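Residue numbers (the working numbering), protein chains in the order written: chain A, 1 to 106; chain B, 1 to 162.
None of these hints come from the bench; they were simulated from the model.
Note that the coordinates shown come from a computational prediction; the quantities given were computed from them, not determined experimentally.
Do not rely on the hints blindly, as some may be mistaken.
[Stated by the list, open to error] Below 20 Å or equal to it, Euclidean Cα-Cα: the simulated EDC-like pairs (lysine to aspartate or glutamate) are:
# : chain 1 : residue 1 : chain 2 : residue 2
1 : B       : 86        : A       : 4
2 : B       : 111       : A       : 4
3 : B       : 90        : A       : 97
[Claimed, not checked] Just the calculated beta-carbon pair ranges, DEER-fashion:
# : chain 1 : residue 1 : chain 2 : residue 2 : range
4 : B       : 144       : A       : 91        : 23 to 29 Å
5 : B       : 36        : A       : 92        : 18 to 24 Å
6 : B       : 100       : A       : 92        : 39 to 45 Å
7 : B       : 104       : A       : 2         : 25 to 31 Å
8 : B       : 152       : A       : 100       : 30 to 36 Å
9 : A       : 10        : B       : 74        : 43 to 49 Å
For each residue, glycine too, the CB sits at the ideal point set by N, CA and C.
Residues per chain, in single letters:
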Amino acid sequence: MSAENAEILRIFIPFIILLLIAGFYFILATRNLIRILLGVEIITKAALLAIILAGYVTNNTALAQSLAIIMIIIEVFVVAVAAGIIIQIYKKTGSVDARNIRNLRG
Amino acid sequence: MSLIIGLLVILIIAVLMVIFSTRLLMSAISLAVTSIIVTLLMFRLNSPLAAVFELSICAGLITVIFITTISFVKPVAEEELLITWKRRLKKYIALPVILIVVGLVISFLLKPMVLALPPVLQETNVAYTLWNIRQVDIIGQAIILLVGVFGIVVLFREGQNK
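Construct all of the structure, not just a fragment, from the sequences and the given hints.
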């Protein structure tokens, strides 16, 4: 690995970890279901950036890009289905508070 | 290199805006800004195809999905916003401090470390990799796509029946 790649890795890793921490903190601290989904998005961004970075430093961007594309498409479906579930919860309970769905059956 | 550091700092600021904003719409727009910055970083890391996907899907489509979802939810009154803002500030005030401390600690830990990943030189064509090497991923993706479509159809059909 070249010196430039090592330097890039050294710059990116702390920021990716910070993104992960911010996302997890957001999910744990909030009770709004839409905000929880936003937190999941932040974590996904960190993972995506890590995959692309790994591809760049190992000189294998083609594989990293193909994985990133698959991840982005799956991310859309996760968000779409989760948004549908949130809208249904809002219609049933009248709020998007996660505490309202604590007493679900099962 | 300073461009990358600048973009990463803006990325963290955009993420903090997503977290601290009291209005959900502002949070969704900040998330779109986050996606745009991730796109720029991807271009810098020689991944233009993934960057285009990130820009069109994450900054475009996902933002539209979020805004549509937010439009279904009842808006918060102005007086309530101020109370919510104070409550949120109290809840998240520790986050910037944690981020700064963890960031500094990781940076100091990484400095003496020898970072070495093995160079893996394989196929350089993204389309070839996607369709010929990662075929199983494509099948899995197609299944997830179908499951997603069925999930959305079932969710909204149930809503109409009631």
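Starting from the hint 23 to 29 Å, judge whether the C-beta atoms of residue 144 of chain B and residue 91 of chain A obey it.
26 Å, holds
Range first: 39 to 45 Å. Now tell me if the beta carbons of residue 100 of chain B and residue 92 of chain A are that far apart.
Roughly 41 Å apart at Cβ, these two residues keep to the hinted range, so it holds.
Is the Cα-Cα distance between residue 86 of chain B and residue 4 of chain A 20 Å or less?
Judged against 20 Å, a Cα distance of about 44 Å means the pair is violated.
Just tell me: holds or violated, for the beta carbon distance of residue 36 of chain B and residue 92 of chain A against 18 to 24 Å?
35 Å, violated
Range hint compliance [Cβ, residue 10 of chain A to residue 74 of chain B, 43 to 49 Å]
With a Cβ separation near 47 Å, residue 10 of chain A and residue 74 of chain B satisfy 43 to 49 Å, so the hint holds.
Mind checking the alpha carbons of residue 111 of chain B and residue 4 of chain A for me, to see if they're no more than 20 Å apart?
14 Å, holds
Against the range 30 to 36 Å, how does the distance between the Cβ atoms of residue 152 of chain B and residue 100 of chain A compare: consistent or not?
22 Å, violated
Could you grab the alpha-carbon distance between residue 90 of chain B and residue 97 of chain A and see if it respects the 20 Å cut-off?
Distance of about 19 Å is within 20 Å: holds.
Kindly confirm whether 25 to 31 Å is satisfied by the beta carbon distance between residue 104 of chain B and residue 2 of chain A.
26 Å, holds
Violated hints for the displayed structure, listed by number in ascending order: 1, 5, 8.
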